[in-house]
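Colleague: Residue numbers (the numbering used here): 471 to 580.
Source of the hints: derived by calculation from the structure; they are not laboratory data. Given the structure is predicted, the values throughout are model-derived calculations rather than measurements. Quick reminder that beta carbons are idealized off the backbone N, C-alpha and C, glycines included. A few of these clues could be false.
As the list claims (entries may be wrong) - The list that follows gives simulated cross-link-like pairs (lysine-lysine, DSSO-like), each with its CA atoms no further than 27 Å apart:
no., residue 1, residue 2
1, 532, 515
2, 529, 562
3, 562, 496
What the hints assert, rightly or not - Here are the simulated distance ranges between beta carbons:
no., residue 1, residue 2, range
4, 497, 554, 36 to 46 Å
5, 525, 555, 25 to 35 Å
6, 497, 571, 32 to 42 Å
7, 537, 506, 11 to 21 Å
8, 502, 545, 32 to 42 Å
9, 573, 543, 34 to 44 Å
10, 509, 556, 32 to 42 Å
11, 567, 535, 12 to 22 Å
12, 561, 525, 11 to 21 Å
13, 545, 500, 11 to 21 Å
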Amino acid sequence: MIKLTLLVSIAIFCSACELSNDLNLKNLKGYEFSLHDVQGHCTVKREGDRHLAIYCDNKKLKPVMSSCEGQISHGLEDPKFYCSGGLWVLNKSCYIAMLNTHNGNIMCKK
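Turn these sequences into a full structure, and let the hints guide you.
Modeller: Right, dumping it as C-alpha cells:
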C-alpha cells in the first residue's frame, strides 16, 4: 500500500513539473498570449503569388497579425515564417504548415 501511494505521488509530481515547464503554455515576454494561443487561434491565407498573411481570431493576438508574415519561396512544402519586433522569438519556435494551395496553419514547438 505504501509503495502504491508513493508511486501515485511521484506520478502526480512529475506531471505537474512537466506542465509548469511547458513553454507553449507560458505567455511570451511582454505579451498576453502563449505559443499555444498562436497555434490555436492563428491561420495563414495566401495573398498573391508568394505572400502569406497571418489571421488570428482572438483580439489579443493582433500583434501577431501585424508583426508576422509568411512567404512561399521553394513551394508549398517549405513556406517561410517571419516575425519582427518583439515577436522575433516566434521565428525559432513556429512554422507554417500549408493545408492546400491557399490556406495553412501555424505550428509551434518548444
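Colleague: Look at each hint and say if it fits the structure.
Modeller: Taking the hints in turn, this is what the structure says about them:
With a CA separation close to 16 Å, the supplied pair residue 532 and residue 515 stays within the 27 Å bound. Proposed proximity of residue 529 and residue 562 is supported: the alpha carbons are some 23 Å apart, at most 27 Å. Distance hint between residue 562 and residue 496 is fulfilled; the C-alpha atoms sit about 16 Å from each other, no more than 27 Å. Roughly 19 Å separates the CB atoms of residue 497 and residue 554, a value that falls outside the hinted 36 to 46 Å.
The beta-carbon spacing between residue 525 and residue 555, approximately 18 Å, falls outside the hinted interval of 25 to 35 Å. Here the CB-CB span from residue 497 to residue 571 is close to 34 Å, well matched to the stated 32 to 42 Å. A hinted range of 11 to 21 Å holds for the C-beta pair residue 537 and residue 506, which are about 18 Å apart. Separated by about 35 Å at the C-beta atoms, residue 502 and residue 545 satisfy the suggested range of 32 to 42 Å.
Remark: the range hint 34 to 44 Å for residue 573 to residue 543 is contradicted by a beta-carbon distance near 18 Å. Look at residue 509 against residue 556: about 18 Å separates their beta carbons, and that is not inside 32 to 42 Å. At roughly 18 Å, the beta carbons of residue 567 and residue 535 sit within the given window of 12 to 22 Å. The hinted range of 11 to 21 Å is satisfied by residue 561 and residue 525, whose Cβ atoms lie roughly 19 Å apart.
For the pair residue 545 and residue 500, the beta carbons lie near 35 Å from each other, so the given range of 11 to 21 Å is not met.
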